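Enquirer: What follows is the residue order along each chain.
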Amino acid sequence: MSERKAWQELELGVELPAATSLGYKTGGWRVLRPVWNASECTHCMICVSYCPDMAIPVTKSEEGVAGKGGRMFKGIVRLETNLDYCKGCGICAHECPTKCISIIREEEAEQAACKL
Amino acid sequence: MPTLQEIALKTDGVDARIVSGHRMCSGCGIGPLIKTVLAASDKPVIVISATGCLEVVTTIYPFTAWNTPWMHVTFENAASVASGVEAAYKALKRRGKIDGDVNILAVGGDGGTYDIGFQALSGALERRHKFMYLVYDNEGYMNTGNQRSGATPFGASTTTVPAGKVSFGKPQWRKNLVEIAAAHRIPYVGQAAVHNTLDLYKKAQKGFNADGPAVLAVLQPCTTNWSFDPALTMQYSKLAVETNFWPLYEIENGFVHISTKPSNRKPIEEFLKGQTRFRHLFKPGNEHVIVEMQKMIDDEWARLLKLEESGIQF
Ligand SMILES: Cc1ncc(C[n+]2csc(CCOP(=O)(O)OP(=O)(O)O)c2C)c(N)n1
Ligand code: SF4
Ligand code: SF4
Ligand code: SF4
Ligand SMILES: [Mg+2]
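Sequences listed follow chains A and B, in order.
Count the first sequence with full-length UniProt numbering and you get residues 1 to 116, in order.
Count the second sequence with full-length UniProt numbering and you get residues 1 to 314, in order.
If you're looking for bench data, these hints aren't it; they were derived computationally from the structure.
Keep in mind the model is a prediction, meaning the values are calculated, not measured.
Treat the hints with caution; some may be incorrect.
[Stated by the list, open to error] Here are the simulated DSBU-like cross-link-like pairs (lysine-lysine), alpha carbons at most 30 angstroms apart as the crow flies:
1) A/Lys99 x B/Lys90
2) A/Lys99 x B/Lys43
3) A/Lys74 x B/Lys43
4) B/Lys93 x B/Lys206
5) B/Lys202 x A/Lys74
6) B/Lys266 x B/Lys202
All chains, full assembly: derive it from the sequences and hints.
Expert: Structure (structure tokens):
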């Protein structure tokens with residue numbers, strides 16, 4: 001029989017540092033790739049709030065970024081999709097009200113990149 | 001109420017409480033659901049997670065997607081552990097060992113809530129701990145491959161009630177967890193869906209700020225076990241609401257309030273079609289199942305309208 005311990009003497013469970021999954025790149029799962037056309041974007045944030053993988057970064061922009069109709073969008077805006085994490089579900093493209101995200105096959109994207 | 005832009009900065013900005021690199025299936029509805037709920041807390045949040053997809057996919061050792069204190073407990077006791085955390089926090093505050101306020105969030109899947117964690121949940125509500133219980137409802141035990149739960153809808157085929165020659169799938173209607181929770185006379189119970197970010201955020205905020213226990217039930221399409229194109233997650237969530245299959249409503253201090261009333265409710269087939277778990281319902285001989293399902297949905301909706309109109313307190 002092992003010795004009985006008071007609860008204060010029990011060992012802690014595993015304690016992990018926070019947010020370490022950022023070191024695990026889920027982009028490798030992707031077969032389809034969302035391609036964002038920034039010049040048609042209204043920065044409505046629908047794609048951001050729907051993205052299951054938090055793969056669309058947002059920032060606060062004082063000077064603004066150019067979007068749909070050449071307008072400058074100031075305040076909270078989205079940035080280029082982070083392909084390290086995007087799994088290519090296609091929700092963003094399906095739900096974008098201005099249809100400014102298109103979906104291409106990952107091989108097409110890679111072939112296009114090789115030609116450059 | 002913040003704008004979608006302000007919410008996006010909280011869910012996906014540098015201080016996000018849950019981050020990328022988790023291993024949910026592509027297109028899983030849990031991602032947007034949990035990030036929106038976490039963002040709705042204006043205080044630090046302590047999360048207690050029952051076993052299920054959310055827990056499994058966010059904490060595959062040695063990784064964690066949580067950027068807020070988080071604890072994994074067994075399948076059945078998320079609400080009990082949340083009770084203990086709340087009591088401990090109060091005790092430490094009383095002794096001056098800790099400062100400030102926190103929100104405590106217990107999270108479970110429908111299996112972990114409607115079935116196996118139900119007793120723990122009821123006890124915690126009855127003891128009136130100040131915490132919010134969130135159930136992400138994908139209508140089955142999905143982490144283990146689609147077994148039937150108390151939340152699985154009538155007519156759905158699962159591995160434990162498979163549809164076939166003698167069975168049309170689950171023969172019972174689902175449990176009404178929202179009303180059961182309200183019967184505990186708690187200050188806040190809400191029912192939301194993942195596609196309606198603003199409504200979900202608002203309900204989560206009310207739950208966190210309630211003066212006592214709160215329960216939030218959110219429908220979460222499961223791309224893998226409902227088996228549809230992952231791009232359609234939000235469309236299925238929307239159809240569940242537009243068909244009155246999953247009404248958006250809340251019970252605040254006992255009073256029912258319906259959040260949105262579809263002006264022209266869509267026939268239930270619109271929600272069912274394209275999902276493998278309902279595929280058999282479109283085969284000859286099973287027409288009666290859809291008719292029965294439609295009738296139950298319409299009856300339930302009429303009942304909900306009456307509850308709201310009557311102004312009778314739960
Ligand atoms: C007591 C116990 N029984 C069974 C299991 C195996 N198990 C792990 S996750 C899971 C399914 C959970 O279903 P639900 O709560 O609906 O969450 P979901 O997986 O759908 O997210 C099961 C059965 C377990 N971990 N503990
Ligand atoms: S949904 Fe479309 S328009 Fe809106 S922010 Fe995303 S890309 Fe831009
Ligand atoms: S395809 Fe899916 S994972 Fe990739 S950015 Fe769009 S919503 Fe996010
Ligand atoms: S099985 Fe379903 S609920 Fe679980 S991670 Fe996959 S899509 Fe999400
Ligand atoms: Mg489930």
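Enquirer: For each hint, tell me whether it holds in the structure or not.
Expert: Quick rundown of the hints versus the structure:
1. Restraint check: the Cα-Cα separation between A/Lys99 and B/Lys90 comes to about 50 angstroms, which exceeds 30 angstroms; the hinted pair is violated.
2. With a C-alpha separation of about 36 angstroms, the suggested pairing of A/Lys99 with B/Lys43 is violated against the 30 angstroms cut-off.
3. Distance hint between A/Lys74 and B/Lys43 is fulfilled; the C-alpha atoms sit about 28 angstroms from each other, no more than 30 angstroms.
4. Between B/Lys93 and B/Lys206 the CA atoms are separated by roughly 24 angstroms; this keeps the pair inside 30 angstroms, and the hint holds.
5. For the proposed pair B/Lys202 and A/Lys74, the alpha carbon gap of about 25 angstroms is at most 30 angstroms, so the pair holds.
6. Between B/Lys266 and B/Lys202, the direct Cα distance comes to roughly 26 angstroms. Compliance with the 30 angstroms bound is thereby established for this hinted pair.
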